[in-house]
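There are 2 protein chains.
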Amino acid sequence: MIKFDLIYDADFLDQSYKQASKDILQQIKQEISDGASGYYNLPYESQDLIDKVQAYGNAFKHINTIAVIGIGGSSLGTKAIYEFLRHKTKNTKKIIFFENPDPIDITEKFMAIDKNSTQFLLISKSGSTVEPMSIFKAIIYNFNLKIDNNENIIAITDHDSALYKFADKHNIKTFTLKDNVGGRFSVLSSVGIVPLTLAGFDTKKILDGAVETLESFLNGDTKHIFDKAINLAQNKDKHPINVIFSYSNTLKEFTQWYVQLWAESLGKIDKDSKRTGLTPVGHIGAVDQHSFLQLIIEGPRDKTVTFIKIDDFENSLHVPKYTLDYIQKSDYINGHTFNELINAECDATMQSVHEQGVNVDIITLDKINEENIGELIMYYELLTSAVGIMLNINTYNQEGVELGKRILVKKFQN
Amino acid sequence: MIKFDLIYDADFLDQSYKQASKDILQQIKQEISDGASGYYNLPYESQDLIDKVQAYGNAFKHINTIAVIGIGGSSLGTKAIYEFLRHKTKNTKKIIFFENPDPIDITEKFMAIDKNSTQFLLISKSGSTVEPMSIFKAIIYNFNLKIDNNENIIAITDHDSALYKFADKHNIKTFTLKDNVGGRFSVLSSVGIVPLTLAGFDTKKILDGAVETLESFLNGDTKHIFDKAINLAQNKDKHPINVIFSYSNTLKEFTQWYVQLWAESLGKIDKDSKRTGLTPVGHIGAVDQHSFLQLIIEGPRDKTVTFIKIDDFENSLHVPKYTLDYIQKSDYINGHTFNELINAECDATMQSVHEQGVNVDIITLDKINEENIGELIMYYELLTSAVGIMLNINTYNQEGVELGKRILVKKFQN
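Chains as they are written, first to last, in this note's numbering: chain A, 85 to 498; chain B, 85 to 498.
There may be inaccurate statements among the hints.
Each pair may be met inside one copy or between any two copies, as identical chains are not told apart.
[What the hints assert, rightly or not] In silico DSS-like links for lysine-lysine, alpha-carbon gap of 30 Å or less: (1) LYS495 with LYS249; (2) LYS193 with LYS172; (3) LYS177 with LYS405; (4) LYS405 with LYS320; (5) LYS489 with LYS322; (6) LYS249 with LYS336; (7) LYS405 with LYS495; (8) LYS174 with LYS102; (9) LYS289 with LYS174; (10) LYS451 with LYS489; (11) LYS405 with LYS193; (12) LYS249 with LYS178; (13) LYS413 with LYS199; (14) LYS199 with LYS307; (15) LYS193 with LYS355; (16) LYS113 with LYS87.
Quick caveat, the hints were computed from the structure, so don't treat them as lab data.
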């Protein structure tokens, strides 16, 4: 269960909000029916996928490690869920992510892998992304993997992509995703559901959480999403930067997933050929109170801040009632749990930021569980789509990154 | 050795740049002589510290883990150096960082620690920071540590702070730092040098690198620092966001250190009572080309971008010359090293960003070594001081975070 509170300096009952909300809802229903993006269907479509992966169960009994070879949308969402749930789910397999073509990072990960107990998942929508393809080749060489009929390799890719054809030819197990599901919206497709199910997470509950958010949104019951999206888009020039402060280390990778979703979806040339967008920044509380907070408080008032907190960490670790000579100043926390401390820090920081006239909102998860991460993911995807509609852009493409790719190829052709 | 290249749309030979450079240099010399900040002296003063720690050598022979208990400036710099050098320095001890009062994170780290082979370093300038003090108490309780004469505990704190008095009373080893060295400028003081020397890193070379940068700066030989600082400050309204794209996972923690240094130093009410500052954003290439790059290319032109790359990773991992059926599109990289690939991605991205009219600069480290991280740290500290002078602010305080701290205390008193 998640609670959403907006503490905005705005009149959300204003007629213009009502009209814009209606427009957003209508356009999203249009996107669903014309297939502009396929992510809306994933919480339903991916249910079958779970059964399929679980049916392979016996073939994977000897596996204790999943190596995900993918970058950007092919890894960030899986990482977000894995890091959020890892500590509380017993008997799950380890997931290692091969993302960056950094030789030191790859070499270190090679040393951590035993090929006989590892399932390699090569994930690329197109099958032509240079980083995972290069790393995949290095993995084949390093571990002397055979390709034909290798049960330890799985490919996840668009139907009929180059990678699909490769896998088909060599009889490698393949899961597909649809053309109209972009990488950054793909975590609830085979891209995230296959590795997480294989690793032993209860992905069914993740999808259930996503369904819940999606259905209340489509029923018009999530006023806070409309209000926030409209306000962010209307004030994009005044508040061009959106900061997330997540008060739990388990949400570190989630904030990275948000940064990609937001930056790549909303940083666009709009339909009037104007540059637009909102800059996402991800931080972790209470740590980054000792880093970024000063800038929010005294710096330019160009930011909005979203606080994400977890009501109940289900952990009773507490600060012992010790009074140490001379260092009694922090004794006020004695006897309290760390759960209480980190959340009180969140509340105090939120209050101090709000007192500066900054628009803040608070997302409160009751617990760390599968349904909540599913809800949170769908919430951010819907929020992104809603802001995209308000900004009058194509939320689902990413033309801007193509130039660099072309320059890269030329560098090696000369 | 580090190379600095500015590709800015600016006339750095302009008379105003010359004058401002002179002013900055003069004011920094003034800060050194009047002690406005003590970080300038650290590369010299900390030499003694290394000898002192090494003299304790035998007492630490049984230690294989250093537990740093500190937050913000008390951990970020040490983490940056540790993560940068860790893979290439043989026989170093493991450093575990207790930073966030997150109960799950603390519980996991407790399980990774054997108290008999761990040296606990409690780091707090004031000795009253609530997070490390609370975690320290939980550590005492969890590991049943004695306090009096415990050789496994070291305190690092300001001379005469509450923590200093506590340590003195209980005969706990203490290293001090000076009042006028703020947390975010303290990595080359006892705060960073003690844990890193204990862990077995060649901290002498780190200080040598810092001396080199500092002395060429004071000799007026680092025109690129003045030019960059002046340009960033003059264009703070046009380009309020500074992005670092570091092309190596080893620089991940360094970019976090930079974010703190920049945000907490430059986000200020200026001497005319106006809010000012520049927003730092840290990213890792090539990974975040698949995340944040789209926003830089097509979004608002409100950013400058600094690329940091490593010329020679001293790692020969290469992409094997395999041609796989159907997926030949990335074969152009076959036979090349990952070192070449990641750097070509950096160059291609830099070029594609520059073609959009974005001011970019490139910092090229010849290798991953101690001198270079020392140089890089001093470079960023000097750059920050220079920008602070141009913004007409107090770079070294952080008044903005005090309000939240007061609210926090009240929450527990009610």
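Exercise. Can you give the numbers of the hints that this structure goes against, from lowest to highest?
Worked result: 3, 4, 6, 8, 14, 15
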